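J.: Sequence:
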Amino acid sequence: MPATEHAPPPRPLPSPSPKDQSPSPRISHPEPLRPTQPTTLKVEPEQPEPSIVKTIEPTTKPLPEPTSVDKPETSSQAKLEESKLDEDEDEDEVDDDKSSGLELINMETFGQILELDEDEDSHDFSQPMVWEYFEQAEKTFSDMNEAHERKDLQALSQLGHFLKGSSAALGLARVQNSCEKIQHYGQLRDEVANKDLSPSEALDKTSKLLKRVKKEYNEAQVWLKDFYEVGAW
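Just so you know, we're using full-length UniProt numbering here: the sequence shown kicks off at 1 and counts up by one.
No lab work stands behind these hints, which were simulated from the structure alone.
Computed from a predicted structure; not experimentally measured.
Some hints here could point you the wrong way.
[To be verified] Straight-line alpha carbon distances no greater than 27 Å define the calculated DSS-like cross-link-like pairs of lysine-lysine that follow:
1) 151 / 215
2) 225 / 214
3) 195 / 164
4) 164 / 139
5) 195 / 139
6) 205 / 151
[Said to hold, decoys possible] Pairwise CB distance ranges (calculated):
7) 201 / 121: 38 to 46 Å
8) 188 / 228: 38 to 46 Å
9) 125 / 219: 22 to 30 Å
10) 200 / 121: 50 to 58 Å
11) 118 / 195: 43 to 51 Å
12) 134 / 193: 28 to 36 Å
13) 131 / 103: 20 to 28 Å
14) 162 / 188: 14 to 22 Å
15) 193 / 128: 38 to 46 Å
16) 204 / 134: 47 to 55 Å
17) 195 / 151: 46 to 54 Å
18) 135 / 198: 31 to 39 Å
19) 122 / 198: 45 to 53 Å
20) 101 / 226: 21 to 29 Å
Ideal Cβ positions, reconstructed from N, Cα and C, are used throughout, including at glycine.
Work out the full structure: start from the sequences and follow the hints.
T.: Dropping the structure here:
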């Protein structure tokens, strides 16, 4: 048998050349970051540029003064009516001269009515009489208005005479005086001026006097109702 062949010994590795013996590079680890203090930046505010305001002159022209058409003027008819009202007021004041000097209630006459009361507290006689007068007066004023609308002077005279008498019985002096004038106006007479009247003049005077006598009646009615409610004498 052939002799056992021995394997050749391993060849030694070549030693590194001087070039290869350079140290291997070192890996440097980064240092941890340290927080830094924030820096404050001072920002100077910008100065706004002055704006130039330009005044715009109004282009509209001032309104013209109102003409005579724009301004309401009192017509001649209105002036005549105002003048007539003034004359009516003056005439009413003249007519009121006699009535204004009279008492609303003639206490002497009214006292005689009160003496007929058997019971002074209940006024069993005088109060029903006064309340009946109120009903008569209201009805008479309504009839007077209708007669005036019809221009019935004779009816106005009769109604004035009727209400004059019942007003005098209770002592309503002013109502009595005005009703007497209505009676005379219905007869085409103005006894205060001592002259005759035309129908139109009589109707005009009666129209104004009716307004006044109703006012006088209302004043007397308030006084009488207050008297009987209070029960004083």
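J.: Run through the hints listed earlier and report the numbers of any the structure violates, in increasing order.
T.: Result: hints 5, 7, 16 and 17 break, sorted rising.
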